[in-house]
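K.L.:
Protein sequences, first through last, are from chains A, B and C.
Residue numbering for the first sequence follows our numbering, beginning at 8 and increasing consecutively.
Residue numbering for the second sequence follows our numbering, beginning at -10 and increasing consecutively.
Residue numbering for the third sequence follows our numbering, beginning at 11 and increasing consecutively.
Hints should not be assumed to be uniformly reliable.
Stated by the list, open to error - The calculated lysine to any residue pairs, modelled on SDA-like cross-linking and capped at a C-alpha distance of 25 Å, are:
#1 B:4 - A:217
#2 A:143 - A:98
#3 A:98 - B:185
#4 C:203 - B:176
#5 A:109 - B:55
#6 B:47 - B:244
#7 B:244 - C:314
#8 B:186 - B:9
Bear in mind the hints are in silico, worked out from the structure with no lab data behind them.
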Amino acid sequence: MVSQPVDSVVLEDETWERVDKATGGAAAPCFQCGVCTAICPLGLVKGETISIRKMVRQAQLGLPGWADGLWECTTCLWCESRCPHEVDITKAILGLRQLAWKEREVPEGLPTLLWDIYFDGNAWGRPPSERPLWTKGMTVKEFSPDDEILLYVGDDAAYDRRIQKVARALVSLFEAAGVTFGTLGEREPSCGDAVRSVGHGEYAAEIIDANSRLFQEAGVKTIVTVSPHSYDMFANRYPNLSGDFRPLHYSQYLLELIEGERLKFENELPLKVTYHDPCYLSRRNGICDEPRQVLQSIPGLELLEMERSREDTLCCGGGGGRMWMETAAGERFSDLRIAEAAETGAEVVVTCCPHCLSCLEDSLSVVGKSKLRVMDLAEVAHLALQSEAVASDATSGRS
Amino acid sequence: MRPLHIIACVKVVPKPEEVKVNSETMTIERGDVRSEINPPDMNVLEMALTLKEQHGGKVTVVAMGPPLFAPYLRLALAMGADEAYLLSDRAFAAADTLATSYALAQGIRKIGDYDLILCGEESSDGATAQVPPGIAEWLNASQITYAEDLEVLPDSGMVKAKRELAGGYEVIQVPLPCTASVKVGANEPRFMDMERKAWAEAEGPVTIWAAEDIDVDPEMIGLPGSPTIVDGLAQAEATERKREFLAGTPQEQAKALVERLQAYL
Amino acid sequence: MTKSLYGAKEANAIWVYLEQDEGRLEGVSLELMGKARELANGRGIPVVGVLLGDQLSGLAQEAIAAGADEVRVADDPLLRQYTTDGYTKVFTELILEGKPDILLLGATPNGRDLAGRIAVRLRTGLTADCTDLKLEEETGLLIGEVTGFGGGILAYIKCPDNRPQMATVRPGVFAVPEPDTARQAKVVSVPVKLAEKDIKVQVVEHAVGQGVDITKAEVLVAAGRGCQGDFTLVNELASLLDGEVGWSRVPVDEGWVSRDCMIGQTGYVTRPKLAIVCGISGAFQFTVGVEKAETIVAINIDAEAPIFEQADYCIVDDMFNVLPPLIEAVKRARGGNGGR
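Here chain A stands alone, though its shape is the one from the complex (with noise of 0.2 Å):
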């Protein structure tokens, strides 16, 4: 929907409650100041910035009509990490999109997407029945409450096949460890991530509610994600189960096991990697130490960071339901983001989130720098743990 240049507006009292309840009255805070849409990373690659700051102006004023990049937000947390007065804009654009499903006016996918969720339980469309063929060859049991860990797997780890190898490697540093863990197997739920990215809260909110239920009911206690967007969801949207339940993203489990000295890596891995923070993990939930500290344990490796790191990481361009819509080429975060972990020198570019390891991967095929290789924090770890880790075999292709 383009927005069309109005002379005045009459603001209408219904328009703007709908819209102040369906933003939670996030957009209040705002004045104007213009710094969201400034450092919007999407003005770095679309030659013109998002008008964030007119987004929030709609919502605060409960405007009709839908701005240009409504859908275009990754909910990076850029902008809010450097908003003055601290406005929830996420929440804002969030809300808007749910308003935009009421109209039904979304982009197209997206109802398939729901659909795809409703029905099969996964964001992929894929038989419910095929979840746990991840574990081909492997014995991964289902979880019982005495088990010391869930492992949420997650959609993309149970049906994508790239990101399966990661869940594969976490199976086998947790048996190393020594780790009692199980799955929800054919039962593990959708997190609610891609349905609330793409912004309809309200289906977000009945799958969380499901989900505490299965939870509760399984009993529950530490949880351990694949992706640091189940995680996100897992801490901070999930209600509190029960004073036990921990939510944990697998790199913050692998430093307890190193640090428990359950896990040891004793041989060279002499590798130049760097590590690219997801901004769901980093940004998001302040989690920068951790998959660093596992990172720094293994012997010979060699960390080498990005300008943009930590807090300050570039999103790689997959969140806010982007998995589920076209980016052109050439407007592509994760572009960018190869460029730079390639200028480190690094031979490897790290990280530990499904859409993060696809996106770089993706653009890596385009970009083409051909010595850079894009592993997961546990593809790594796990390579550390072969007896006969080779440094060629990381750089001659995917493990």
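Use these hints to put chains B and C onto chain A, whose structure you have.
P.N.:
Same frame as chain A, now just chains B and C:
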């Protein structure tokens, strides 16, 4: 434009990948199998709701099946349909397409006052595609099969549609009332509104009709009304393929492949 | 019991609907004629072809060469284009007059459009999309083999009492018989009782035969997600092999191509001698459209793609790495530069 009354026929089917044959009893195992709304019927609902938005009127959902269908009919209400009727009775069971289309037609006749009856082109389980023309014949209505889009011409009592044919298409125009079968993928089905879903679950009008509630000849429904019978079942066997993986560089693989495909060159 | 308008005692002969469009006989009609001939042989059952249209008795000869003992032709300007109204009325009257025991139709869109309506008008049983047809030994009853549930289950269907026993069969299931041009048989012109008011359908546009019919292709090169919208190499390979190009659902959903040559459960079921499947993962919704191929070659970057289960020759690589050398190798094998 006068308002339209659109009947959307919907079937709930087992997820195809989960269905297996019990080789001992030679019956379909449906026990734990998950269900879904037959995919083209989702396109039917979307088409019906779009027409309602364009012309005003109402969308009535009709289905024939066991009580487990009811929650799925509520999903249809959540999408925007106005009311639903489920023909559910042991007497309707084990029906072939003749008996099924007859029962549905009689149910639709009882609902009455319809302009358009929309059905999915075929169901993922039986896949006969026979029910839509069957309903049309029982009701003496015009029919359009394999419709990709449907346009009700205002004030003319006619409906126009593009039909997909093998190697092409045609556009035809027929008078209302009309029964149309809709191609899967003809549109993108809208997602439900959660507030409407709450209403649909709490008080959405879903009426269950037994055989005695509608005007049917008991000899023409269910098993008695089915001229065809299933004389046996088997698990389908896949053709045995060679599954020979060709190794080497792309050049080597190409060479090896061409050697094996000599007969076709 | 819903009784049909006539019973088994009066019924005789196998009838085959000869579907034509714009003066061309559909291949499936000849395939069915061949199968009917096969079923009839040894049992002394007459095989009758039924042709509806305008000025096309010339097509009757093709049906006879395929095995018909008789062809009944309903020739009328109002039958020039297929309409449900016109064809249902005329065909039903022919059937009630001739009382066939078995009636076979091709499961083309119009074939199914017609069959579904006729079956109800006649109050008889119709078995759809048969993958095989047999006559029961003792009774001579038609047994239709059908698949359900995405192709995983086979069922055998009979219609013991109602007549005609109707069945539709998809194009490519049976082979086109070798034409016996010397064969002689009766061509009977039947009176047509049809008036303009009987036909309520207006055909506004009819655009068939402009596209490619991939169900007739002997060589098929298919592309899916892996081609990323670029069909150049696929087109070149198909052209070199005198074949056609098809695709899975992904290119259609991505908007790279239209549905014209879409292979699979909701597309076309093909029966080529050779199918080369590139960048297609091979979910069953696709493979049902190609599994009848004599030989299947699969090229996919993912070693675990399900398509490899259904292929004779498997190459694990990006199709863009494999197709150029393959094209060169085919050119060399055919001799000279650029093949034919």
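K.L.:
Compare the structure with each hint and give your call.
P.N.:
Here is how each hint holds up against the structure:
no. : hint          : result
1   : B:4 - A:217   : holds, 22 Å
2   : A:143 - A:98  : violated, 40 Å
3   : A:98 - B:185  : holds, 23 Å
4   : C:203 - B:176 : violated, 40 Å
5   : A:109 - B:55  : violated, 32 Å
6   : B:47 - B:244  : violated, 63 Å
7   : B:244 - C:314 : holds, 23 Å
8   : B:186 - B:9   : violated, 32 Å
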